[in-house]
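Student: Assemble the whole structure, with the sequences as input and the hints as a guide.
Just so you know, the sequences run in chain order A and B.
When the letters of the first sequence are read in order and numbered with the numbering used here, they come out as residues 1 to 289.
When the letters of the second sequence are read in order and numbered with the numbering used here, they come out as residues 1 to 136.
Treat the hints with care, as some may be off.
With a straight-line cut-off of 25 Å between C-alpha atoms, the simulated SDA-like cross-links for lysine to any residue are [said to hold, decoys possible]:
#1 K119/B to R18/A
#2 K213/A to N71/B
#3 K26/B to S65/A
#4 K119/B to L88/A
#5 K213/A to T22/B
#6 K213/A to L30/B
#7 K119/B to V152/A
#8 K119/B to S217/A
#9 K31/A to N144/A
#10 K26/B to E214/A
#11 K26/B to A51/A
#12 K11/B to A246/A
#13 K213/A to V73/B
#14 K26/B to Q205/A
#15 K26/B to E218/A
#16 K119/B to M220/A
#17 K31/A to L88/A
#18 K97/B to K31/A
#19 K54/A to K5/B
#20 K54/A to A37/B
#21 K11/B to S48/A
#22 K31/A to V12/B
#23 K26/B to Q131/A
#24 K5/B to M220/A
#25 K86/A to A51/A
#26 K54/A to K11/B
To be clear, the hints were calculated from the coordinates, so they are not data collected in a lab.
These figures come from a predicted structure and were not determined experimentally.
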Amino acid sequence: MPTLQEIKSRIRSVKSTRQITKAMEMVAAAKLRRAQAGATQARPYANSMSAMLKSLAEASTGDISHPYFEEREIKKRTLVLVTSDKGLCGSFNTNLIRKAQHWLDQFSPSEVDLVLIGRRGADYFRRREFQIVANYHDWGGQLNYTTARQIVAFLTGRFMAKETDSIHLIYPRFVSISVSKITNDTYLPIKKPAQESVQAGSAKQYIFEPGPKEIYSELMSSYVLTTMVTVLLDSFASEHGSRMIAMGAATKNAGELIDNLSLTYNKARQTKITTELLEIVSGAEALKA
Amino acid sequence: MYRLKIVTPVKVFYDDEVNSITAPGKLGYLGALTGHAPIITTLQPGLLTVRNHLDTISEMAVSGGFLEISNNVATILADSVEYLSEIDLERAQAAIKRSRDRIKGLYTNEETDQDRSAKSLARALNRVNLASRLKN
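Tutor: In structure tokens:
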């Protein structure tokens, strides 16, 4: 049985922990609101862009070629893993890393290299055998277009220079505050939108200005950036959601702990008082006799 | 009357029935009425004029993007759009200065992309031009 003093200091420490987790929950909730708005508002743009890419592919008869479409024999893959910089967000990073590790297990270390966004992933893979070619971190869970552009430039550069033949993305797709779906997508090469078999007469005759090729090249570079931005926004929103829930649970647990400890404390206090009373009474009895 | 959607990376800017639009295509301004032939074009920074289904005209500054029209639906994917009255003139002027300095190579220490600086200059110039046009 711990002494009263010990229980008391234990309660105090749990209380201050609860204060911290409560504060973190509120901060995460505030950040989540913004991140969630960002993630959901960016979707229509990304969707419209995919739609436009599709109609462009359907409409342009003949060969459409762009370096980003090029599917070649895969000798080297790159995995882009998006994790968070900071912890205390439940199983968020663990799940992402597990998924990545699971995927990586199919390959030997010489076949895959890693691009890690976020500190947590880097901390894990630094001690593993896969080579890390780039690590982006410390942007405070907010989207920064300059960094996004750098990442895209780096990835497309490697792909174009044939240093990698296929780029995969593992990131949490934001579904709702408590649900994010860990997704594994191919970033490059971009899957060519199906050119539907052109039935004579039914195909829409598009006018292209300036020409299909120029439009393609502009659309593709916008497309890769938009995809990356969407991925990052989703990841931020998921991170904050995950943290909010983890911290909410922690606050609740701390509350329960405090209740239990208070109960133990009061019981111990009562026992002590009873013992003291007994002593006094028996002392008085002894004097009387 | 047809449907116009203007979407930017930040939000859906406009989604309504319109009678006509005039957009700054790469090869020059183009107007589109109901039943326009399918077209896909890139846009350059310029003035986008929209006449909605009540024949109210609104003018906006668009800073590049794409326009697709098919089946009486026009979609504009814009890098950024704002109504002329909402242009932040000071910010645009600061951007002009910054891009000019970049192009001149004043910031040699940081990574500057000449192509991007030129594009951002064009965007800022467009904003200033259109905003001052509104004033006069």
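Student: Each hint needs a verdict: does it hold in this structure or not?
Tutor: Against the structure, the hints come out as follows:
In summary, the hint linking K119/B to R18/A is not supported, as the alpha carbons are separated by about 51 Å, beyond the 25 Å threshold. Taking the CA atoms of K213/A and N71/B, the gap is near 23 Å; set against the 25 Å cutoff, the hint holds. Proximity of K26/B to S65/A is assessed by CA-CA distance (about 21 Å); at most 25 Å being required, the pair is judged to hold. A C-alpha spacing of about 42 Å is found between K119/B and L88/A, which places the hinted pair above 25 Å, so the restraint is violated.
The suggested pairing of K213/A with T22/B holds, with an alpha-carbon distance near 24 Å, which does not exceed 25 Å. A threshold of 25 Å between alpha carbons decides the hint, and for K213/A with L30/B the separation of about 20 Å falls inside it, so the pair holds. Restraint check for K119/B and V152/A: satisfied, since their Cα atoms lie roughly 18 Å apart, inside the 25 Å limit. Only pairs whose Cα atoms come within 25 Å are accepted, and K119/B paired with S217/A is accepted, the gap being roughly 16 Å.
Straight-line distance between C-alpha atoms of K31/A and N144/A comes to about 15 Å, which keeps the hinted pair within the 25 Å bound. For the proposed pair K26/B and E214/A, the alpha carbon gap of about 10 Å is at most 25 Å, so the pair holds. Of the supplied pair hints, the one linking K26/B and A51/A holds, its CA atoms being roughly 21 Å apart against a limit of 25 Å. Note on K11/B and A246/A: the hinted pairing is violated, with a Cα-Cα distance of about 30 Å set against a maximum of 25 Å.
Annotation: proposed proximity of K213/A to V73/B holds, straight-line Cα distance about 23 Å (limit 25 Å). The straight-line distance between the Cα atoms of K26/B and Q205/A is roughly 19 Å, inside the 25 Å bound, and the hint therefore holds. Under the criterion of a C-alpha separation no larger than 25 Å, the hint pairing K26/B with E218/A is consistent with the structure, at around 12 Å. For the hint linking K119/B to M220/A, the alpha-carbon distance of about 17 Å falls within 25 Å, and the restraint holds.
Annotation: proposed proximity of K31/A to L88/A holds, straight-line Cα distance about 15 Å (limit 25 Å). Proposed proximity of K97/B and K31/A is contradicted: the alpha carbons are some 33 Å apart, above 25 Å. The hinted pair formed by K54/A and K5/B meets the criterion: a straight-line CA distance of about 17 Å does not exceed 25 Å. With a CA separation close to 18 Å, the supplied pair K54/A and A37/B stays within the 25 Å bound.
Between K11/B and S48/A the CA atoms are separated by roughly 12 Å; this keeps the pair inside 25 Å, and the hint holds. For the suggested pair K31/A and V12/B, the alpha carbons sit about 22 Å apart, so the restraint of at most 25 Å is met. Straight-line distance between C-alpha atoms of K26/B and Q131/A comes to about 44 Å, which puts the hinted pair past the 25 Å bound. Of the pairs offered as hints, the one joining K5/B and M220/A holds, with about 21 Å between alpha carbons and a cut-off of 25 Å not exceeded.
For the given pair, K86/A sits about 36 Å from A51/A by alpha-carbon distance, which is inconsistent with the 25 Å threshold. Under the criterion of a C-alpha separation no larger than 25 Å, the hint pairing K54/A with K11/B is consistent with the structure, at around 21 Å.
Comparing the model with each numbered hint stated earlier shows that hints 1, 4, 12, 18, 23, 25 do not hold.
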